[in-house]
Amino acid sequence: RKEVEQDPGPFNVPEGATVAFNCTYSNSASQSFFWYRQDCRKEPKLLMSVYSSGNEDGRFTAQLNRASQYISLLIRDSKLSDSATYLCVALIYNQGGKLIFGQGTELSVKP
Amino acid sequence: EAGVVQSPRYKIIEKKQPVAFWCNPISGHNTLYWYLQNLGQGPELLIRYENEEAVDDSQLPKDRFSAERLKGVDSTLKIQPAELGDSAVYLCASSLGPTGSGGINEQFFGPGTRLTVL
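First to last, the protein sequences are chains A and B. Numbering-wise, the numbering used here puts 92 at position 92 of the first sequence, and it's gapless, one number per residue. Numbering-wise, the numbering used here puts 22 at position 22 of the second sequence, and it's gapless, one number per residue.
These stretches of chain B come out as covered by chain A in the derived footprint (C-beta under 8 Å, 3 or more residues): (1) 40 to 47; (2) 88 to 99; (3) 104 to 113.
Straight line, CA to CA, 20 Å or less: simulated SDA-like cross-link-like pairs of lysine to any residue: (4) Lys78(B) to Glu68(B); (5) Lys42(A) to Glu106(A); (6) Lys71(B) to Val5(B); (7) Lys42(A) to Ile26(B); (8) Lys2(A) to Glu44(B); (9) Lys2(A) to Leu60(B); (10) Lys42(A) to Pro8(B); (11) Lys45(A) to Ser27(B); (12) Lys16(B) to Lys62(B); (13) Lys42(A) to Arg9(B); (14) Lys45(A) to Arg114(B).
None of these hints come from the bench; they were simulated from the model. Heads up, the beta-carbon is just placed ideally off N, CA and C, and yes, glycines get one too.
Pulled out of the complex, with its shape left as it was, chain A reads as follows:
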């Protein structure tokens, strides 16, 4: 079993839709979490950190449930430019700050 698992994709949604991505992690030593965005044939870029209290950045909302070892990302009012692969990432401090990436979920926003 992978340490970080994500919903299989792709997600195909119309512009303006709300879409949610789910992610689970198995290593209880995971202490911080992030969502990265990766455009086709480009490098991953940090989208946002995920805090226990939940956090929002414009149209993006991230949630963390430590009891369930579950992370989510909600995108409201989807734009064509949101089309990308979204990577769920866990940071394991006791392994020297090692990032563990999920396999990614592809999002395609259509006009």
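With chain A fixed as given, assemble chain B onto it according to the hints.
Chain B alone, transformed into the frame defined by chain A:
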């Protein structure tokens, strides 16, 4: 400010040939990472450097892979000999310090080298 630079961007070789990838991190970033990304998967860490010291190489297949960061700045990752299964994107990343120590220390990724082994 320049980002992480990698070269070459693309490389096609025949199996059993050697190949090398080069990475120049963001200026001032002490921590450097090499990742492997297979198609449809997330990046997987191969090796992490703190300055010139390899502090985590547990995922590096040492029978054929080697890496160096002699002066604590740029780095080279080598595969010798390459196998068909090595076809992937090799990503380099850097951060000011180890991610998670004294702050998040975001990792910034380079554009990667796409390797095809025939």
